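Participant: For the sequence shown, the UniProt record's numbering assigns the number 1 to the initial residue and increments by one for each residue that follows.
Simulated from the structure, these hints should not be mistaken for lab results. A few of these clues could be false.
To be verified - Capping the alpha-carbon separation at 20 Å, the derived lysine to aspartate or glutamate pairs in EDC-like fashion look like this:
1) 78 x 125
2) 307 x 241
3) 223 x 315
4) 353 x 325
5) 223 x 325
6) 307 x 240
7) 353 x 52
8) 78 x 105
9) 223 x 308
10) 78 x 50
11) 353 x 330
12) 39 x 340
13) 157 x 131
14) 157 x 177
A quick note: this is a predicted structure, and the numbers were derived from the prediction, not measured.
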Amino acid sequence: VVNDDAPVIYGLEFQARALTAQTAETDAIRFLVGTQSLKFENQIHVIEFDDENNIINKNVLLHQAGEIWHIGASPADKAVLTTCYNKTSDSRVVSCAAVWRMPCDLETESHESPDDSAHNPQALELLCHLDDSTYGNSLAANCGSNTATLEGKGQLKFTSGKWSPHHNSSQFATANETAIRAWDLRTMSQIYCIENAHGQLVRDLDFNPNRQYYLASCGDDCKVKFWDVRNVQEPVKTLEDHSHWVWSVRYNHSHDQLVLTASSDSRLILSNMVSISSEPFGHLVDDDELSEGEDNHQEEKNKEPLKDSVVSTYEEHEDSVYAAEWSSADPWLFASLSYDGRLVINRVPRALKYRILL
1 VVNDDAPVIY GLEFQARALT AQTAETDAIR FLVGTQSLKF ENQIHVIEFD
51 DENNIINKNV LLHQAGEIWH IGASPADKAV LTTCYNKTSD SRVVSCAAVW
101 RMPCDLETES HESPDDSAHN PQALELLCHL DDSTYGNSLA ANCGSNTATL
151 EGKGQLKFTS GKWSPHHNSS QFATANETAI RAWDLRTMSQ IYCIENAHGQ
201 LVRDLDFNPN RQYYLASCGD DCKVKFWDVR NVQEPVKTLE DHSHWVWSVR
251 YNHSHDQLVL TASSDSRLIL SNMVSISSEP FGHLVDDDEL SEGEDNHQEE
301 KNKEPLKDSV VSTYEEHEDS VYAAEWSSAD PWLFASLSYD GRLVINRVPR
351 ALKYRILL
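Build the full structure now, drawing on both the sequences and the hints.
Facilitator: Structure (structure tokens):
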């Protein structure tokens, strides 16, 4: 019997910190991992998880441009991806960004099988460079067609940026140093600013996919914070479960109470943030649901929001966990990547899955 909740581990030979789900692929469970090697040619590993047999199939592509710091997948075309990478030019390190297309005849093969693609990896096709002259103080949109240059007082050095899934893709949030700012790209003006969102550098942001005013952030103060951007004086919730820098925070795309965080403490934590989710009572709440006839006791019981909790702490990594991503094909499955090149695939515990569904 296959143990559904057991982690599945895949090892890359190189160090790595860049991970994304293949967003436009909603049938197969697929992730892209970019390597960060100074000595060898860098690669993108296309990882496909076969959940029926609990095995990983993979394909390796060459990324000769340089060491990959960030990877993004097109939401519209599964063959298209972006990378932010460093290359050495005249003994200077230059930061670049580009859009690439994967070969269309990719056949993933078993992780265990003798390795064709690793010995003869195919190359990526360069679609375009994203202008690097302003890179570092402008943010190239992840596989978006519009690139915006955002200027602040002096030169802003961004550590992270995120499109809002709401407002018809017209809003973008950026992290620079300890502040989080949101921008309206139609007018190129700032919408709000959370000045000292974290005590140290803000590392990552994510928008709640179902509640348009809610935003999560994490940083080098070891904290994860949840904000209602209508009132940015105080976070709505703060989590302090990590003991080192928190690099990544991700809302589940379907069930926004499920939040993943990844940290340099080598741990990945899955939290159930149900009190600030779109289903605080365990289901979408509608006032008319509580019909007149029901006795008041039942009504009182329904008014008590469920408690937030840490669902699981995952200890399969032995190095800093730089990235965690939910699958775009299976809402109960997620991947995490640590710097030593270890990719781990895990599932939401079955008991919690059924509690959410039923």
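Participant: Is residue 223 within 20 Å of residue 325, Cα to Cα?
Facilitator: 19 Å, holds
Participant: Would the hint linking residue 157 and residue 131 be met if the CA-CA limit is 20 Å?
Facilitator: At roughly 16 Å apart (the allowed maximum being 20 Å), residue 131 and residue 157 satisfy the hint.
Participant: Please verify whether residue 307 and residue 241 have alpha carbons no more than 20 Å apart.
Facilitator: The hint holds at about 16 Å.
Participant: Within a Cα-Cα threshold of 20 Å, do residue 39 and residue 340 meet the stated pairing?
Facilitator: Holds, at about 15 Å.
Participant: Would you check the hint for residue 307 and residue 240, treating anything up to 20 Å between C-alpha atoms as holding?
Facilitator: 16 Å, holds
Participant: Regarding the pair residue 223 and residue 315, is the alpha-carbon distance no greater than 20 Å?
Facilitator: 19 Å, holds
Participant: Is residue 353 within 20 Å of residue 325, Cα to Cα?
Facilitator: 18 Å, holds
Participant: Would you check the hint for residue 78 and residue 125, treating anything up to 20 Å between C-alpha atoms as holding?
Facilitator: 14 Å, holds
Participant: Compare the distance between the alpha carbons of residue 78 and residue 105 with 20 Å, and conclude whether the hinted pair is satisfied.
Facilitator: With Cα atoms ~12 Å apart, residue 78 and residue 105 stay inside 20 Å; holds.
Participant: Quick one, are residue 223 and residue 308 close enough, alpha carbons at most 20 Å?
Facilitator: 16 Å, holds
Participant: Does the alpha-carbon distance linking residue 353 and residue 330 stay inside the 20 Å limit?
Facilitator: Holds, at roughly 12 Å.
Participant: CA of residue 353 to CA of residue 52, is that 20 Å or under?
Facilitator: 18 Å, holds
The structure agrees with every numbered hint stated previously.
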